[in-house]
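So the protein sequences, as listed, match chains A and B. Following this note's numbering, the numbering of the first sequence begins with 1 at its first residue and continues without gaps. Following this note's numbering, the numbering of the second sequence begins with 1 at its first residue and continues without gaps.
In case anyone wonders, no lab produced these hints; they're calculated from the structure. Each hint should be verified, as a subset may be incorrect.
Straight-line C-alpha distance at most 20 Å; calculated SDA-like pairs for lysine to any residue [unchecked claim]:
{"#": "1", "chain 1": "A", "residue 1": "Lys15", "chain 2": "B", "residue 2": "Ser508"}
{"#": "2", "chain 1": "A", "residue 1": "Lys6", "chain 2": "A", "residue 2": "Ile153"}
{"#": "3", "chain 1": "A", "residue 1": "Lys606", "chain 2": "B", "residue 2": "Arg448"}
Reference listing, derived: stretches of chain B covered by chain A, where coverage requires no fewer than 3 residues with Cβ under 8 Å from a Cβ of chain A [stated by the list, open to error]:
{"#": "4", "stretch": "442-454"}
{"#": "5", "stretch": "468-477"}
{"#": "6", "stretch": "492-499"}
{"#": "7", "stretch": "564-577"}
{"#": "8", "stretch": "592-604"}
In this text, all values refer to a predicted model and were calculated from it rather than measured experimentally. Think of the CB as a built atom: it goes at the ideal place given N, C-alpha and C, for glycine as much as any other residue.
Protein chains: 2
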Amino acid sequence: MYSSLKRFLIGKPLKSTELGEQKLTKLKALAILSSDALSSVAYGTEQILLVLATVGTIAFWYSLPIAVGVLILLVALILSYRQIIYTYPHGGGAYVVSRSNLGINPGLISGGSLLVDYILTVAVSVSAGTDAITSAFPSLHQYTVEIAIVFVIFITILNLRGVTESASVLAYPVYLFVLALIVLIGFGMYRIATGQVPADVHTPVGTAVSGITLFLLLRAFSSGCSALTGVEAISNAIPNFKEPAAKNAATTLVMMGGILAALFSGITFLAYWYGIAPKADETVVSQIAADVFGRNFMYYFVQGTTALILVLAANTGFSAFPLLAYNLASDKYMPRMYLMRGDRLGYSNGIITLGLASIVLIIAFKGETEQLIPLYAVGVFIPFTLSQTGMTLKWLREKPEGWMGKMLTNFLGALITLTVLIILFLTKFGQVWSILIFLPIIVFIFHRIRNHYDDVGEQLRLNPSETPEKIEGNVVVVPVAGITKVVEQSLNYAESIGDYVFAVYVASDHESEIQMKEKWEKWKPDIRLVTVSSSYRELTRPLIRLINMIEAKAEENDYTVTVVIPQFITKKSWHNILHNQSSVLLRTYLLHKKGVIVTTVPYRFKK
Amino acid sequence: MYSSLKRFLIGKPLKSTELGEQKLTKLKALAILSSDALSSVAYGTEQILLVLATVGTIAFWYSLPIAVGVLILLVALILSYRQIIYTYPHGGGAYVVSRSNLGINPGLISGGSLLVDYILTVAVSVSAGTDAITSAFPSLHQYTVEIAIVFVIFITILNLRGVTESASVLAYPVYLFVLALIVLIGFGMYRIATGQVPADVHTPVGTAVSGITLFLLLRAFSSGCSALTGVEAISNAIPNFKEPAAKNAATTLVMMGGILAALFSGITFLAYWYGIAPKADETVVSQIAADVFGRNFMYYFVQGTTALILVLAANTGFSAFPLLAYNLASDKYMPRMYLMRGDRLGYSNGIITLGLASIVLIIAFKGETEQLIPLYAVGVFIPFTLSQTGMTLKWLREKPEGWMGKMLTNFLGALITLTVLIILFLTKFGQVWSILIFLPIIVFIFHRIRNHYDDVGEQLRLNPSETPEKIEGNVVVVPVAGITKVVEQSLNYAESIGDYVFAVYVASDHESEIQMKEKWEKWKPDIRLVTVSSSYRELTRPLIRLINMIEAKAEENDYTVTVVIPQFITKKSWHNILHNQSSVLLRTYLLHKKGVIVTTVPYRFKK
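Required output: the full structure, derived from the provided sequences and hints.
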């Protein structure tokens, strides 16, 4: 039943050779990898205006120069990441770049902070999308958390079905959103150009604003930078692209940058020209759409696609997280299970981990994840800075042809992202300090995992100079609870593999001990029965004492000790609570505390 | 760490021979087995007055004849149960009596309804006690559920420590409560006798009351009967008494009956004489105490001990439930685990089950379990009726000396309890109908469990005419993931037990297959390596296919097939998430789906 449900949800398994068919074209990749970045357009301008509003509407004209600053940052990032994609065509993005050029800890800091960031992406964007829906249908408001969880599960399943399939489904809403905003901006501009809308600006550009401070402008700028999260996703996911992967990825990155720049500047300009001020109960985009179109079909089309893209921004996380986890796991900083491709060739364990972690976050914050947004911006600007710095050093060290230009591009990128990072810390320390605690913890865990795998590798390595322990024979111990078919089957098997066989009976009182001995004598006189009494009504300890005695003798003579335990295989799973408790306990105890070999002989019930 | 915590909470294990020391004296038994019945005094009178209050205070004099009715019922129950105790001195109460005399289904109905009843007892009484506490300290009101759960856990641990220990701790509050009520009643009576309190009755006995109906009086009577739940507990717990167990239990029962009768009639009479009417925010006992003593130390003493006894009433359930579960389990109607005595000689599994089930109930009802009280009365009058009927039939069948008197006693008991049961169903059907659904379900489950154990017994029984399958030799399959020390160790063991050894390598691609073959040729040329390719990146299925092939051949020649799987024993438990996932999966799959023998070779990491 479980497996047919799994088939239904995620589809039939794919052969490893079908991997090529699962790769993405540029258009599909653009849809799923840029949804995070593009969705920022829905709130980027608003974030800037909200900060400026603390001074007054008189300061709103500053949104234009700030937007220019954001655009410069965007161009720097796109150019820098383009170079990263070509230089590291196997993906891994900031983690691989920082690790190769700056050393292992900067690499782990980048990797760890991006992992956390993708979890935040999913939680924040799904919550935001759910908010958009529950604002439209207030009766659903009490179910915010449940709806958000259903969305996460839906996106998780979609991703478990495979990257192409999720791209095919999710491409439509992303392109519809882009279309909606292009129509909005285009029509809005057309009306301005044709003079239908005289400028309704609060104050013209350049108006002197008393009370404005550099700190405030920097805060507004850093809020606007939240529109740039998600730009790095493509560099992590290069292996998902069709060949030539690096070239396709680079082209997709530039396309994304172009669209993002156009939409962001368009919205910011329209907000300025139409004299929009942020309101508590209506978004800036909604106000622009209402002004441009009136409340007609196009208005609702813009609103609907915006809600959708907010939810789907989560998908970028689902594309990038598993590949990043794969890169960390292949360097042994994360558990090996993140290396395995699932039935549909995605890294299922990464996908499931991301889904679960974001559900936990949504529940913990009761669906109110807005407070996590600044954390999420810091989490992405740390790897931005580290990877650009790494690239700069790389060019300086290697000096390939044309290194000067490349170096300057990345250096400029590093400088700008570092500046943004500092601004973020200065202006929003109260909301982002926690990253200074959990990032070191994550890096510490990475090291612990790596150390453990290294220790294990060393212990498992064959040493040609060591001769393996030789085995002269086997002593087999069979705990028996009575005289039954299962015991007979286990004893037969024990005799076939062992040189010495002991049946052990743990008696709870003297009477049952004598009875058992008598019965045994008649039944299997050639197999030695050892009875041990248990004063504490306990099975494991008396057995262990006996095994200790046998083991001492066996080791002297290079004999192994094997304990044969029967296990009932029940016909129905609920029957399990009626059986096997003591055999499971005994087995666990013997393996973990004693290190003896345990053989499980299954006995299948027919009913 | 786990085991030292366990030691701290429940104490060091006791030897089976120390069982005798764990038995109860009459005084301790009275304390823990009568707390449920005695605590009913705290609310019994109030329940009657509440029903009468629907007509008006004019009807309150009816509480006296109704109390007489309840007392008659009490006497009948005590006499009947006294006979049950002498006739079935091994305990088991209503379950054993009904099963032996009426047949298995009446027995299971009695047993099932008592099991549920004890769970209800714990949930209801702990919630009531918690209410008493949170009424005194309203700031604790928001933590009602948490406080109730802490109480249940406390009582559970106390009972896991053993029956004498819990009796020693719990005897004080029970006797203090009895003392408090005796002083209250005695002083109240003294003041009446000395003429200090003229009768303040609402209406004298015999006043004609318009609007009073038989139905209403029956309702009041059945509400008063809730004071009699818990009377049967002693008959279930006879094995906990010191020898002579039956005689001691019977004496204890009569003592309990006497105390219960005295307290109940005293409180009912004082309530009448002092003209008490039930109030929403103050209990009847509290009003009496305030009238008799004024709000001085004695008043708070009565209130405090009342709250305590309400919580401790739960303990009666903890004494009776595990013994009842033991009786059902020894007849194979419940899982075998309820037969096992724990470290401290109590039936720990029963105690833990009861604790968990009542916590679930408290959480499900958010600590408001008052609505369960009628259900709980029905749940106890069903076994009352069945056991008395059973006893009646027994006397009729066996006709021992003096059977006539005994038969009449039990017949009267059966008649009265049946009447109460019918009244309960007639007057409170809306609150008790659910028992008609879940009781059949419980009985059905009992039968399913019994059938399964019977099936298993039959399958395990040795049949002398069947010759056991003979074993000519062993084929051993060792899945290998690479060339390491663990693999070497497993192969050595496999060679020592097997006549044919196959190493199996599941290759994910052609290249790794060739590489492995080459390395193997150099390393272990004498062991046959079989490589299978896995198109779906899966370990289990290709291995199963191979094992199927080997098995077919092996079975023809009476060979067994054993799969040797290494398991890493990690030094720290968190390391487990880094290992063993595939070996555990493989093992489960092989045992459950294939029924092949699985040998686990532990490999212990040194760091």
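So, going through the hints one by one against the coordinates:
1. This hinted pair checks out: Lys15 (chain A) and Ser508 (chain B) have alpha carbons roughly 10 Å apart, not beyond 20 Å.
2. Only pairs whose Cα atoms come within 20 Å are accepted, and Lys6 (chain A) paired with Ile153 (chain A) is accepted, the gap being roughly 14 Å.
3. A distance of roughly 16 Å separates the Cα atoms of Lys606 (chain A) and Arg448 (chain B); the hinted pair therefore holds under the 20 Å criterion.
4. Only when three residues or more bring their CB closer than 8 Å to a CB of chain A does the claim for the stretch 442-454 of chain B stand; here the count is 3, and the claim holds.
5. Requiring three or more residues with a Cβ within less than 8 Å of a Cβ of chain A, the coverage given for the stretch 468-477 of chain B holds, as 6 such residues are present.
6. Residue count for the stretch 492-499 of chain B with a Cβ under 8 Å from a Cβ of chain A: 6. That meets the three needed, and the coverage hint holds.
7. Residues of the stretch 564-577 of chain B with a Cβ under 8 Å from some Cβ of chain A number 5, which satisfies the need for three, so the listed coverage holds.
8. With 10 residues bearing a CB less than 8 Å from a CB of chain A, the stretch 592-604 of chain B meets the requirement of three and the coverage assertion stands.
When the structure is compared with the earlier hints, no violation turns up for any of them.
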